[in-house]
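Novice: The residues making up each chain are set out below.
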Amino acid sequence: MTAPADVTAALQSKFPQATPRPSGDHPALNLPIAEVFAALKYLRDEFAYDFLVDVTAIDNGVDASPRFTTVWHVYSTTGHGYVRLAADCASDEKPLAPSVVSLWATANWHEREAFDLFGIVFENHPDLRRILMWDGYPYHPLRKDFPLAGIQTPLPDIEVGELTGASVKPAPMMGGPFVASSGEMNMTDAEPSAKDESWNERSEKPASA
Amino acid sequence: MATEYAFPDSAAKNADAAAQEFQTEKMSLAMGPSHPSTHGVLRLQLELDGEVVTQCDPILGYLHRGDEKIAENMTYNQFVPYTDRLDYLAPLANNVAYAIAVEKLANLQVPARCEAIRVICCELARISAHLLGLGAYGIDVGAWSVFLYSFEEREKLYKLFEELTGARFTTSYTRIGGVARDVPEGWNERVGKFCDQFLPILEEVLSLLTRNKIFTDRTHGVGIISKADAISYGLTGPNLRGSGVAFDLRKDRPYSGYEKYEFDIPVGTTGDCYDRYLCRGEEMRQSVRIVRQVLANFPVGSYYNEDAKKIFAPRKDKVLTSMEELINNFMITTEGPQMPAGEVYFEAENPKGALGFFIVSKGGGVPYRMKIRSPSFCNLSILPKVCVGSLVSDTVSILGSLDFVMGECDR
Chain A
1 MTAPADVTAA LQSKFPQATP RPSGDHPALN LPIAEVFAAL KYLRDEFAYD FLVDVTAIDN
61 GVDASPRFTT VWHVYSTTGH GYVRLAADCA SDEKPLAPSV VSLWATANWH EREAFDLFGI
121 VFENHPDLRR ILMWDGYPYH PLRKDFPLAG IQTPLPDIEV GELTGASVKP APMMGGPFVA
181 SSGEMNMTDA EPSAKDESWN ERSEKPASA
Chain B
1 MATEYAFPDS AAKNADAAAQ EFQTEKMSLA MGPSHPSTHG VLRLQLELDG EVVTQCDPIL
61 GYLHRGDEKI AENMTYNQFV PYTDRLDYLA PLANNVAYAI AVEKLANLQV PARCEAIRVI
121 CCELARISAH LLGLGAYGID VGAWSVFLYS FEEREKLYKL FEELTGARFT TSYTRIGGVA
181 RDVPEGWNER VGKFCDQFLP ILEEVLSLLT RNKIFTDRTH GVGIISKADA ISYGLTGPNL
241 RGSGVAFDLR KDRPYSGYEK YEFDIPVGTT GDCYDRYLCR GEEMRQSVRI VRQVLANFPV
301 GSYYNEDAKK IFAPRKDKVL TSMEELINNF MITTEGPQMP AGEVYFEAEN PKGALGFFIV
361 SKGGGVPYRM KIRSPSFCNL SILPKVCVGS LVSDTVSILG SLDFVMGECD R
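Which chain is which? The protein sequence lines are A and B, in order.
No gaps in the numbering here: position 152 of the first sequence is 152 in our numbering, and each next residue is one more.
No gaps in the numbering here: position 35 of the second sequence is 35 in our numbering, and each next residue is one more.
For the record, the hints were derived by calculation from the structure and aren't laboratory data.
Lysine-lysine pairs mimicking BS3-like chemistry, simulated, CA-CA at most 27 Å apart:
| id | chain 1 | residue 1 | chain 2 | residue 2 |
| --- | --- | --- | --- | --- |
| 1 | B | Lys104 | B | Lys260 |
| 2 | A | Lys144 | B | Lys104 |
| 3 | B | Lys104 | B | Lys362 |
| 4 | A | Lys94 | A | Lys144 |
| 5 | B | Lys260 | B | Lys193 |
| 6 | B | Lys69 | B | Lys362 |
| 7 | B | Lys104 | B | Lys309 |
| 8 | A | Lys41 | B | Lys227 |
| 9 | B | Lys69 | A | Lys94 |
| 10 | B | Lys362 | A | Lys144 |
| 11 | B | Lys69 | A | Lys144 |
| 12 | A | Lys41 | A | Lys94 |
| 13 | B | Lys104 | B | Lys69 |
| 14 | B | Lys385 | A | Lys41 |
| 15 | A | Lys169 | B | Lys69 |
| 16 | A | Lys94 | B | Lys362 |
| 17 | B | Lys362 | B | Lys310 |
To spell it out: a stretch of chain A is covered by chain B in this simulated footprint if at least three of its residues, at any positions, have a beta carbon under 8 Å from a beta carbon of chain B; those stretches are:
| id | segment |
| --- | --- |
| 18 | 80–88 |
| 19 | 139–149 |
All C-beta atoms in this analysis are idealised placements derived from N, C-alpha and C, irrespective of residue type, glycine included.
Same shape as in the complex, but just chain A (with noise of 0.2 Å):
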């Protein structure tokens, strides 16, 4: 079994660009995304991180740059260790990702999933479609510019939208959830409050929806 310092010492001997990544458990490194398809590729052959856990995305903030991070997690069945990749997609407007799917099959679906809930796009993925909104629908919910309500769209159906007039609506929010802000900020900002007030108990519903 290799230890975790070791993989993390190999990593960054081997990609002399990657850095640690702050991490409340397993070893995390961050890299260029261009290396990460190699860095897996090496964590898989040589280090036995042979089970793919996950791939997903972290949105950083509308006006941050670079806007999308992109995460894997590997695990090692015979060491029982976990070890984070990190990415910063490199375009804010069309993020890219290398695709592993080659490495491992079952990142097609987490892949198409970061990529239906985010718009980062894997390149070399054979079948990238939204997976769990459906085709054709016009946003990514995880962004942090989405509302949390939901914005109206046309149905999945268009011909049946067409006869019923029915849309999409966004969800009645009234008032709530009642929450704080996470981070560092004024106490203002961050006191309790409700996240989306366009639909409530005071003011009306928009005639649009």
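Use these hints to put chain B onto chain A, whose structure you have.
Specialist: Just chain B, lined up with the frame of chain A:
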């Protein structure tokens, strides 16, 4: 890439029939989202050549509620009820997995008694989930009576859950730093009694299937998943162990005091539907074994971390008598339990497999991003591979043997 499905044109078919003795035209079949064997709202877009599946495209998302988006907008404790609705057949196990993930972020230890209660919760939830899995699988392949027996046992478990948590189904039992309340008086004895009477019934239930000719015919050699495929497709839980990989996070990365208990991990040999069934059966026996060990050495002490004053809301009597506790209670309720900034990933061995929470915190009482790695989602991703080449009726058998829950898959 959008998949296009051509429906057979009957006129062309008739014209062609003269030239060809047998029809070889492929048929497109939508199985679900409301099909009894898809256990919820999974849709399989099948392409059939006669009775053989040539292509299988699972279509998900019918139960997508945006749990990850919701999690970013509420405090850590407020999200506990949402975890009930992930794998709604084992809500207690989800509660525990989530609480441990957040406690890891807070770098918080819980007392031994709390850990013991959580282990009992997880194992009873496992028994309950596997009983439903078995019962439903029995129905899928034509054995009704298993369902009746297993649901009677689940009812007894629900009674125990209700005594412990106040709810039969959506338990919401854990809090960050502890559990909602201590075990009621006499509950441990009743759990012990349940274990005593459950084992003989379990043997009876399993004997209805294990050597049943119809059941073995439908499961032996059906839906074989190789060891390499199981790992590559990210399978976890009994589905991975059925393929012969001894992967169990309770053993490999013990949490909540699992290292103190003796139990075995059943693994399969061929990785077919029958092996996965056998693994689930044996896991229930092992769960009973764990529960008995916990009960035999049930720790005394507190059921929550008493030092975590900014995280675990104080008890009601203290709130009403102490100014400081009143303030703490107000802050925890409105701003949420205060967490340090950081990233953690924690996976727990749930009945369906490894349920993981990846939490990115920027401090405060609300997560910045929470990713839920659901075992059912990964387990289902192997369907396009394992269903191809099997008969339509075997698809039903394979689906049942993967034992998935759409609430968790779609989140």
